[in-house]
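K.L.:
Could you put the whole structure together from the sequences, leaning on the hints where they help?
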Amino acid sequence: MRPVLLASLTVLASAATLAQELPETRRAQLVRMVRQDCGSCHGMRLTGGLGPALTPEALAGRPVQALAATIFHGRPGTPMPGWHTMLSEADALWIAQRLADGFPDEPARTEAAR
Amino acid sequence: MKRRELLAALLTPPALAALPGCAGPLPAATGTGDLGVVVERARGALALVNTSSRTLLAEVEGLGDLSHASVVFSRDGGSAFVFGRDGALTRVDLLARRIAARVVQAGNSIGGAISQDGTLVAAQNYSPGGVKVFDAKTLALVADIPAVVDGRASRVVGLADLPGQRFVFSLFDADAIWIADLSDRTRPEVTKLAGIGRQPYDALVTPDGRHYIAGLFGEDGLALVDLWDETPHARRILGGYGRGQQPLPVFKMPHLRGWSVAGRQAYLPAIGRHEVLVVDTTTWQEVGRVPVAGQPVFVMAQPDGRQVWVNFALPDYHRVQVIDTVSRQVVRTLEPGKAVLHMEFTPRGEAVWISARDANRVSVLDTRSFRTLAALDIDAPSGIFFTSRAGRIGL
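Quick note, the sequences are listed as chains A and B, same order. Going left to right, the first sequence walks through residues 33 to 146 as the working numbering numbers them. Going left to right, the second sequence walks through residues 832 to 1226 as the working numbering numbers them.
Bear in mind the hints are in silico, worked out from the structure with no lab data behind them. These numbers come from a predicted model, not from an experiment. Please note that the accuracy of each hint is not assured.
[Said to hold, decoys possible] One-sided excerpt, in silico: chain A residues whose CB lies under 10 Å from chain B: (1) Leu62; (2) Val63; (3) Arg67; (4) Thr110; (5) Met118; (6) Glu138.
Backbone N, C-alpha and C define an ideal beta-carbon position, used for all residues, glycine too.
P.N.:
Spelled out as structure tokens, the structure:
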């Protein structure tokens, strides 16, 4: 199962910019989800908690595809669940790439939205 | 203090002069019993609220990373101790509406507790794993208790106060429960219980301070310690509650605190299941389970124990369900906004405050009619904490 997934994620990765082409609205959703929901274990600033830190320094040397596989499938024996019911493979890959690069901040809430 | 202020202070009647830190006109004297705070986690701020007028009074900023922040109160209800994710411990003066003291005490923290007599504040830390104890007034370090087992530091969860200057906590990575006695505050005596069950993720002390219950992530069941035993030990309760079925992926860890107890029963979240478990607190046998709309995160009894309110992990976190403790059935399903993160009852429970993070709203609901009494516009609200916690063991 996992090698197949890894292979499919590798295909996605080699399709270069496919994950980059996620619609802007989806990207904003993913940024919020990672900061807020993943943040409940990994910290809103991704510096770790019950889950490990997800900063570029902490993830240095980890292949993006492996990170994407962990996001998509979880890590058995730990509290890390697989997120495949809520994320597509392209979503997982986009998140993994952003984590490796340094994850974007959420835009500050504007007064107009209040 | 300048000469003129000093003179003014000396000329002020004693009762007013006793108020610290007041320059200029003194605010009207006020109690603290209907004050509370709401964590605005994205902004690193606390919103100060009044639970009688249901209004936002002020904001206190500069508190750092407040994801998963929790709060305990001084026994006079005048100070909130805020435990931030970034390891900061901050004392916020609720009357002066400002930060009174702040220390960065760890790299990564997850919560804390205040001692029975209110003189000590303890923080539980993930990194470096352990518990640090501070003087409640000055936040000076009093004791450091590294949670090291076999040379490995464990993350600490489920820290709670116990009668007698004691704190109890669980070691996620070491399957242990430790009880630290700070009767001699500089030399804590630590009682260590090993092999309590796999991966305790959070824990609670019952409102009488007698029982400590740790939820286990690594297996179906919970660890129970009777702290009134001569030699406390952990035993398993609700073992195998999953009945061998594969647990669902857990998108958010449930939280346990003493508010799980309603009358003679405790209502506990089943991890990886859409169920609330009901256990008798005399026999510690399961007496029922209530199917609910998602994986429970907070399962909180009203102060009178008549109803139990439940919120959920994503993707079901737009709902709140209310369980009637007499029929043990869900009597109401509410949708107070997306990403419901926390709930808090007013001191005697006529209303409940519910934070909906993605709606940037805190709703105040009547607990009998379920009518919305007020809605407060608060930025990405998470934890809600009222000063009535100051007088309760385990909160």
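K.L.:
Hint check: is the beta carbon of Met118(A) less than 10 Å from a beta carbon of chain B?
P.N.:
OK, holds: Met118(A) within 10 Å of chain B, min 6 Å.
K.L.:
Is the shortest C-beta separation between Thr110(A) and chain B less than 10 Å?
P.N.:
Hint holds; Thr110(A) Cβ to chain B Cβ min 9 Å, cut 10 Å.
K.L.:
Just to be careful: measuring from the Cβ of Leu62(A) to every Cβ in chain B, is the smallest value less than 10 Å?
P.N.:
Check failed: Cβ of Leu62(A) comes no nearer than 13 Å to chain B, outside 10 Å.
K.L.:
Interface hint check: Glu138(A), Cβ to nearest Cβ on chain B, cutoff 10 Å. Holds or violated?
P.N.:
holds (7 Å)
K.L.:
Given a cut of 10 Å on the nearest C-beta pair, is the interface hint for Val63(A) held or broken against chain B?
P.N.:
violated (12 Å)
K.L.:
Taking 10 Å as the limit, does the beta-carbon of Arg67(A) come near enough to a beta-carbon in chain B?
P.N.:
Because about 8 Å separates Arg67(A) from the closest Cβ in chain B, which is inside the 10 Å limit, the hint holds.
In this structure, the hints that do not hold are numbers 1 and 2, in rising order.
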